[in-house]
Every structure is written in structure tokens, then in C-alpha cells.
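Engineer: Line order of the protein sequences matches chains A and B.
Residues in the first sequence are numbered consecutively from 1, following the numbering used here.
Residues in the second sequence are numbered consecutively from 1, following the numbering used here.
Simulated from the structure, these hints should not be mistaken for laboratory data.
C-beta atoms are modelled at their ideal positions from N, C-alpha and C, and glycine is treated no differently.
Mixed in with the good hints there might be a few duds.
As the list claims (entries may be wrong) - In the SDA-like style, the derived pairs of lysine to any residue whose C-alpha atoms are separated by at most 25 angstroms in a straight line are:
1) A:K361 x B:M16
2) B:K27 x A:I358
3) B:K27 x A:V199
4) A:K38 x A:D53
5) B:K27 x A:I352
6) B:K27 x A:I371
7) B:K27 x A:P362
8) A:K116 x A:L100
9) A:K377 x A:S258
10) A:K377 x A:F338
11) A:K38 x A:A51
12) A:K361 x B:E19
13) A:K470 x B:L40
14) A:K361 x B:I29
15) A:K377 x A:L80
16) A:K78 x A:L67
17) B:K27 x A:E370
18) A:K361 x B:L21
19) B:K27 x A:P360
Stated by the list, open to error - FRET-style restraints, in silico, Cβ to Cβ:
20) A:G452 x B:Q14: 18 to 26 angstroms
21) B:A37 x A:I122: 46 to 54 angstroms
22) B:P23 x A:R218: 12 to 20 angstroms
23) B:A37 x A:I358: 19 to 27 angstroms
24) B:E19 x A:D430: 27 to 35 angstroms
25) B:A37 x A:Q188: 20 to 28 angstroms
26) A:T398 x B:L44: 35 to 43 angstroms
27) A:F357 x B:V34: 16 to 24 angstroms
28) B:R26 x A:I380: 31 to 39 angstroms
29) A:G452 x B:P23: 25 to 33 angstroms
30) A:D430 x B:V34: 37 to 45 angstroms
31) B:I41 x A:F273: 29 to 37 angstroms
Below, each chain spelled out in residue letters.
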Amino acid sequence: MTRISEDWLAVWIGLLVFALSAAAMFGVDLLGWSATSKVWLDPSRALSPVAKDSTVPPLLSLAGTYLFMLLLTCAGAKFLGIRPGRFAAAFTVLFALSVLCSVAGHYAYIAATPDKFDRLGIAWSLNLTGESGYIIALLAGLAIANLSPRLAGRLGEAARPELYVKIAIVIMGAALGVKSAETFGLAQSVIWRGLCAVVEAYLIYWAVIYYVARRYFRFSREWAAPLASGISICGVSAAIATGAAIRARPIVAVMVSSLVVIFAVIELLVLPFLAQHFLYEEPMVAGAWMGLAVKTDGAAIPAGAITDSLIRAKALAAGGVQYQEGWISMTTTTTKIFIDVFIGVWAFVLAIIWTSFIEPKPGVRVGIGEIWERFPKFVIGYVLTFAVMLWWCLGDETRIGAAKPATEVANVYRQLFFLMTFLCIGLVSDFRRLREEGIGRLAAVYAVSLFGFIIWFGLLISWLFFAGVKPPLASG
Amino acid sequence: MQNEGDRRIRDELQRMPYEPLLPVERKLILGSLVLGAVLLILLLWTTRG
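Using the sequences and the hints, build the whole thing.
Structural biologist: This is how it looks when you write it as C-alpha cells:
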């Protein structure tokens, strides 16, 4: 069987979910039975089909959702060269844990926002929204990885955070396309400002971190370049692309990548809550900040989703302002997608500098094809779903009404893949690595650069380009 | 095998010899920062103007 990359697999699975859910726009509801979590006090109401008029019982709806996702991912596993049997067993456990975390995160006293207190008959809640399920999933994954490494090892076959988040990103493109059609001017502004912020981040982040790693931590060029890309640009993908571009040994990128995931977990647990506390009056700054500060797609885009929920909840509770859902996530996604797109270009530039000036090797030439080789292909899926829905809805504004229920259906799978991403990030984060000799030096440069510079400079850039830009207010 | 490989990498990280910054590396760092600063002014001007 022909093997494909994780990126292309994410494109095909994401497009299939998009196509099936988009049928609802034409009156054919193929996935309306899919199970989604609701804010609950009575456990029997924790899950229900996403379509309001669906009569499918909740447990049957959940079983159908599980079978659908199992079918999609097992078929995908075959294309990745993984044995579907072992994948299916591990996937089943991960799916069950993800749903449990989502249900726990939707418990009314944890998730309810103030506007829902009366309807639920409660007087208080932690106001963390249903997205707290993501944090619970992350903590569950961390607990398994660090307390029961054997179980984590057995689940390893299906613990693929990058695949799950890329599928989720492709699916999310559709909802963001519809949102952009509603407020087209704002969407254009977000895209332009996101591009500007990323250009700045690339040029300044990388140079500073490379200098710090070389000058103060005395790393060799082979280690400093992937480290600078991993810390400053986009974690795992950038470290691997840079390592390949400068012909570093593969182990260099692997070591850097293992640190990227560990530090991304720390950022995930801290930054969205910092943003909620200090940036609820500048929601788009917070969204861009998540994209520029949290490394790797697996952590950054879900961090944007959590920040979206937390800030909207805080703005509502503190000032009665009800922002539309999704604009903060869109800002995070836009900056992160631009970062991903530029990885190939940056790797190309570094490859030319290395092979021409730093370590010239006779006969080695860098072709422009390297840019395409390093291009993150899942971005194609995201751009497709985004552009199709934008084009469809801009053509006739009355179509927006029909498009929204379709994206709500797709959103069920976006959320489930996000949950699995969080759980898997926890599963692959082995904090014991930090105690290993030698790693300390790598960890030190990472910690100093991330917490001493990247996070705060990312905040400054986000502020400069997004301050004063507000999401539209929710109507009704 | 894996443990031996890990140990080798750990030793390498601990005993890495210092490679002084080459002039071309300095140019890369400085060029990137200068371009970043110039573009920052330009992009802010076009975004806010």
C-alpha cells in the first residue's frame, strides 16, 4: 500500500469530515447524530447529538461517533504503515479518556459562564468554560506518562498529537471561513496583522536565540541552529527542518524536539490563564500572543481555543461584554499557520548560508524545491476549507445561516481531535528527561530564552499589531 | 544500544568544544536584527497608517 505523510493524511481526513458535514448546507444532515458534550448538572445530560432536532439517544450517538472516528483513523493508520489492530486498541482507550475529560470539563460548577447560572440553577462556578476539558486531558496524559510509563508506552501507537491537531486545523478552516465572511474587513485585518507579526518574530526571535545559544551557552553551530529554530519559531517542525537544512545529525533535532514538547506543556498550563487575567480587554492581542509564544502546532492552536473561551467568559463576567466565539482562536491560528508556511522558506535560507558560507561542501547545491519539501502540507487543507466556505458565504450572505449548522457539526470532530491532542501531548511529555545529565544545558538555554525573551517579545509584537482590534460582539 | 547512544550524546553535550562565532554568523545575526527593526517600523506604519 502507498504510504503517505502525516500531513497529507490530516488533509484527507479533515477534508472528508468537512465534506460530510457540509452536506447539511444542502439539507442532507449526514453527521448530525454526532455526540457533543454539554454543560451539565445531571450526568444523563452530559452528552447529546449535535443536531438539535436529532432523536438519537446519547449513548448511541457516542457509539456512532467513536466508530466513525475509529474508522477514519484506522484507515489512516494503514496509510502511515501502522498495524491497524494495535492502533485501534490504543485509539479506543485514548478516545474513551478524551470523552471522559470533556464530560468532566463540562460539569456546571467548572464550566458554566454567568449568563447560564439562572438556567442551570447554580449561584457560582469556576467560569472555566467547557474548554477546561482540554486542561483535564493534558493533566490526565501527564499523569499516565509520568506515573505509569508502561501504559503510556502501550498507548504510544495512537498517541499522535501532531496528526490529531492537523486534522482539527483542517476542519477548523471551514468555521473560520464562515466567520470571516460575516465580518470580512476584520478577517482581512487579522490576516495582514498576523503576517506582519510573524515576519517580525522570525527575524528577531531566531537571531537573538542563536546568538544566546552560541555566545553564552557555547553550543556548536550544529546544535545552536536547530535549537534556535525550535525555541523561536515553531518547535518540532522547525527544529527538524533546520536540522535537515544545515545537515545536522538527526539526533540533534530529536533531542531539541523532546524539550519543545515539555516546555509547550508548561506554556499551555500557564499562558491562557495569564492572558485571561491580564488581556481580557485586548482579546486579539491574547490570540496572537498564543500563536507567537506557544511552540508547536499541537500546543499553540488548542491554547488559542482555550484562551478564546477563558477571555470571553472573563469579559462577560467582568464587564458584561459578550464577544463572538472564534475570533481569538482565529488570530492564533492565523499567526501559527504563517509561522508554519515560513518554516520552509527559513530552512531554505539557512541551507544556502550553511552550504555556501559556513560549512561549504563541494558539489552540494540547494534547490528551490527544498521550500516545497519542507512546506507543511496540512496548511493546504486548512486554506481549502477556509477558502471554500468564505467564497460560498460571500457569494450570497443568506448562505451564512445554512453554513453555520454545518460548521457546528464539523466542530464536534474538531473538539474531539483537540481533546486527543491534549491527552497525547501529556502522554509524550516525559519530565524525567530534564533530570538527565547533559540535557540540563539544553533545557537551560530553552528556559532562559523562552521565559526571558520569547514570551515577552511575542507579547510586545502582538500588542503592537493587534492592540485596539476587537472581535465583533455576539448578537442576541 | 539506545542507552549507549544517549550516553554518547550526553557526553558530547557536556564536553562540546567552543566554536567561535564566524564573521558570516555575525552578519546573519546582525542582518536579521536590522531587517527586523526596519520592517517593524515599515509594517507598523502601513498597518496603523
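Engineer: Hints first: check each against the structure and report whether it holds.
Structural biologist: The hints, checked one at a time:
Under the criterion of a C-alpha separation no larger than 25 angstroms, the hint pairing K361 of chain A with M16 of chain B is consistent with the structure, at around 23 angstroms. For the given pair, K27 of chain B sits about 12 angstroms from I358 of chain A by alpha-carbon distance, which is consistent with the 25 angstroms threshold. Simply put, K27 of chain B and V199 of chain A have alpha-carbon atoms about 19 angstroms apart, close enough for the 25 angstroms limit, and the pair holds. With a CA separation close to 15 angstroms, the supplied pair K38 of chain A and D53 of chain A stays within the 25 angstroms bound.
About 14 angstroms separates the Cα atoms of K27 of chain B and I352 of chain A, which keeps this hinted pair within 25 angstroms; it holds. For the hint linking K27 of chain B to I371 of chain A, the alpha-carbon distance of about 23 angstroms falls within 25 angstroms, and the restraint holds. With a C-alpha separation of about 23 angstroms, the suggested pairing of K27 of chain B with P362 of chain A holds against the 25 angstroms cut-off. Restraint check: the Cα-Cα separation between K116 of chain A and L100 of chain A comes to about 22 angstroms, which is no more than 25 angstroms; the hinted pair holds.
The hinted pair formed by K377 of chain A and S258 of chain A meets the criterion: a straight-line CA distance of about 23 angstroms does not exceed 25 angstroms. Straight-line distance between C-alpha atoms of K377 of chain A and F338 of chain A comes to about 13 angstroms, which keeps the hinted pair within the 25 angstroms bound. Under the criterion of a C-alpha separation no larger than 25 angstroms, the hint pairing K38 of chain A with A51 of chain A is consistent with the structure, at around 13 angstroms. For the hint pairing K361 of chain A with E19 of chain B, the CA-to-CA distance comes to about 19 angstroms; that is within 25 angstroms, so the pair holds.
At most 25 angstroms may separate the alpha-carbon atoms for a hinted pair to count; K470 of chain A and L40 of chain B meet this at roughly 22 angstroms. The suggested pairing of K361 of chain A with I29 of chain B holds, with an alpha-carbon distance near 22 angstroms, which does not exceed 25 angstroms. Simply put, K377 of chain A and L80 of chain A have alpha-carbon atoms about 15 angstroms apart, close enough for the 25 angstroms limit, and the pair holds. The straight-line distance between the Cα atoms of K78 of chain A and L67 of chain A is roughly 16 angstroms, inside the 25 angstroms bound, and the hint therefore holds.
Restraint check for K27 of chain B and E370 of chain A: satisfied, since their Cα atoms lie roughly 24 angstroms apart, inside the 25 angstroms limit. Taken as a hint, the K361 of chain A and L21 of chain B pair is honoured in the structure, with Cα atoms around 19 angstroms apart against an allowance of 25 angstroms. Of the supplied pair hints, the one linking K27 of chain B and P360 of chain A holds, its CA atoms being roughly 17 angstroms apart against a limit of 25 angstroms. Range check, G452 of chain A to Q14 of chain B: Cβ separation about 23 angstroms, and the 18 to 26 angstroms hint holds.
At roughly 52 angstroms, the beta carbons of A37 of chain B and I122 of chain A sit within the given window of 46 to 54 angstroms. Look at P23 of chain B against R218 of chain A: about 18 angstroms separates their beta carbons, and that is inside 12 to 20 angstroms. In this structure the hint that A37 of chain B and I358 of chain A lie 19 to 27 angstroms apart at CB holds, the actual value being about 24 angstroms. Evaluation of the 27 to 35 angstroms hint for E19 of chain B and D430 of chain A yields a pass: the beta carbon distance comes to about 30 angstroms.
A hinted range of 20 to 28 angstroms holds for the C-beta pair A37 of chain B and Q188 of chain A, which are about 26 angstroms apart. Against the hinted window of 35 to 43 angstroms, the Cβ-Cβ separation of T398 of chain A and L44 of chain B comes to about 39 angstroms, which satisfies the hint. Between F357 of chain A and V34 of chain B the beta carbon distance is about 18 angstroms. The supplied range of 16 to 24 angstroms therefore holds. Between R26 of chain B and I380 of chain A the C-beta distance comes to about 38 angstroms, which sits within the given range of 31 to 39 angstroms.
For G452 of chain A and P23 of chain B, the Cβ-Cβ distance of about 27 angstroms falls inside the hinted range of 25 to 33 angstroms, so the restraint holds. For the pair D430 of chain A and V34 of chain B, the beta carbons lie near 40 angstroms from each other, so the given range of 37 to 45 angstroms is met. Against the hinted window of 29 to 37 angstroms, the Cβ-Cβ separation of I41 of chain B and F273 of chain A comes to about 33 angstroms, which satisfies the hint.
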